[in-house]
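Spelled out from the first residue to the last, the chains are:
Protein chains: 2
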Amino acid sequence: MPCHLRTSTDDSAVMGAERIAVVVRPARREDVAAIVRLLADDVLGAARERVEDPVAPVYLRAFDDMAAQPGNQLLVAERDGDVIGCLQLTILTGLSRQGMRRALLEAVRVSARHRGARVGEQLVLEAIAQARVAGCGLVQLTSDATRVDAQRFYERLGFEKTHVGMKKSITEQP
Amino acid sequence: MPCHLRTSTDDSAVMGAERIAVVVRPARREDVAAIVRLLADDVLGAARERVEDPVAPVYLRAFDDMAAQPGNQLLVAERDGDVIGCLQLTILTGLSRQGMRRALLEAVRVSARHRGARVGEQLVLEAIAQARVAGCGLVQLTSDATRVDAQRFYERLGFEKTHVGMKKSITEQP
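Protein chains in written order, with the working numbering: chain L, 1 to 174; chain A, 1 to 174.
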């Protein structure tokens with residue numbers, strides 16, 4: 001599922017390995033359609049998402065639910081008015097590790113045409129900065145076992161593969 | 001770090017592999033001391049937690065923070081008035097997978113003297129039931145790579161090791 005983003009005047013530069021500067025900011029409701037395209041612009045996401053115009057209401061409802069949950073937010077990477085990356089940051093309180101807060105990263109995506117330009121790095125570093133401000137001592141994520149490149153990316157940013165990520169679908173009845 | 005729980009009259013039974021029935025209920029503020037003992041009663045937790053009497057204020061603050069975050073709660077397993085197990089359940093909204101909600105499990109612990117009696121199973125099944133009611137399509141967790149027994153336990157309950165869990169400590173300054 002390709003990501004039909006508006007092209008900018010210097011696409012040749014963004015296709016290479018050069019870093020392109022982005023503005024990382026909280027997502028707004030009008031970004032939801034672009035975020036859904038990012039989620040679908042992915043080997044695993046293509047089969048999981050619904051790209052429709054206008055955006056499927058289920059995504060707008062989810063956005064409103066997120067906005068109502070304190071500590072749960074979407075960040076987007078914007079360049080020349082286009083949303084070219086996204087990341088979900090959740091701040092979790094808990095008792096373990098002496099009441100340490102932790103930040104959870106989910107749904108980290110960069111548009112296919114802007115990969116390799118350190119957009120993801122800027123998103124993750126901003127999320128880490130916000131996690132520090134929120135008093136977190138740890139940032140955690142799970143990466144599908146098949147996403148070897150993603151894991152290498154996170155290792156470069158100081159993440160360690162210390163855990164096994166386990167999931168159970170509960171969409172069927174018990 | 002041993003867990004000094006009040007003993008009951010049939011300890012011989014609970015030391016074996018027999019299932020003991022527990023009441024799984026939301027944690028109350030007066031359970032925090034017992035929960036901290038559970039968190040410390042663990043190979044990895046022993047070095048991470050502070051067991052003090054009265055309970056260290058940092059844990060009570062964390063409990064109050066959790067109580068203030070909708071969708072984030074602690075469940076405990078109670079038997080004869082004693083808290084012998086705990087689990088943190090967080091319901092997360094997000095855009096990916098068509099706005100699917102997911103449940104995150106953290107801090108699943110059972111007192112050393114009650115392990116093998118399916119207390120953890122009762123906690124996890126209750127968490128899954130609550131996740132379904134909250135509209136979740138997925139339950140996820142990370143397990144330290146060294147916790148092989150825990151992973152076998154989750155596999156028996158239908159969890160699959162599909163992901164790599166990555167963590168980055170951010171307690172130091174950048």
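Wrong hints could be hidden among the right ones.
Identical copies look the same in the list; a pair holds intra-copy or inter-copy alike.
DMTMM-like cross-link-like pairs, simulated, lysine to aspartate or glutamate; straight-line CA separation at most 25 Å [said to hold, decoys possible]:
#1 K168 / E121
#2 K161 / E52
#3 K161 / E126
#4 K167 / E155
#5 K168 / D53
#6 K168 / E126
#7 K167 / E126
#8 K168 / D65
#9 K168 / D144
#10 K167 / E52
#11 K161 / D64
#12 K161 / E172
#13 K161 / D144
#14 K161 / D149
#15 K161 / D80
#16 K161 / E18
#17 K167 / D42
Hint data in this document are derived by calculation from the structure and do not stem from the laboratory.
My question is about K161 and D149: at a cut-off of 25 Å on alpha-carbon distance, are they close within one copy, between copies, both, or neither?
both (13 Å within a copy, 19 Å between copies)
My question is about K161 and E18: at a cut-off of 25 Å on alpha-carbon distance, are they close within one copy, between copies, both, or neither?
Answer is neither: 27 Å inside a copy and 35 Å across each miss the 25 Å cutoff.
Regarding K161 and E52, is the shortest C-alpha distance of 25 Å or less found within a copy, between copies, in both, or in neither?
neither (36 Å within a copy, 32 Å between copies)
With identical chains, the pair K167 and D42 could be close in the same copy or across copies; at 25 Å between alpha carbons, which is it: within, between, both, or neither?
The answer is both: 20 Å in one copy and 23 Å across copies each meet 25 Å.
How do K168 and D65 come out at 25 Å by Cα distance, when the copy is not named: within, between, both, or neither?
within (22 Å within a copy, 28 Å between copies)
Within, between, both or neither: how does the pair K161, E126 come out at a Cα-Cα threshold of 25 Å?
This pair counts as within: shortest intra-copy Cα distance 21 Å, inter-copy 29 Å.
I want to check one pair: K168 and E121. Are their C-alpha atoms no more than 25 Å apart within a copy, between two copies, both, or neither?
Between copies, since 14 Å is at most 25 Å while 29 Å is not.
K167 and E155: within-copy, between-copy, both or neither at 25 Å Cα:
Classified as both; 22 Å inside a copy, 10 Å across copies.
At 25 Å max between alpha carbons, let me know whether K161 reaches E172 within a copy, between copies, both or neither.
This pair counts as between: shortest inter-copy Cα distance 19 Å, intra-copy 31 Å.
For K161 vs D80, is the C-alpha pair at or below 25 Å within one copy, between two copies, both, or neither?
Classified as neither; 35 Å inside a copy, 40 Å across copies.
My question is about K161 and D64: at a cut-off of 25 Å on alpha-carbon distance, are they close within one copy, between copies, both, or neither?
neither (33 Å within a copy, 31 Å between copies)
Given identical chains, is K168 near D144, meaning Cα to Cα at most 25 Å, within a copy, between copies, both, or neither?
This pair counts as both: shortest intra-copy Cα distance 13 Å, inter-copy 17 Å.
In summary, the numbered hints that this structure violates are 2, 5, 10, 11, 15, 16.
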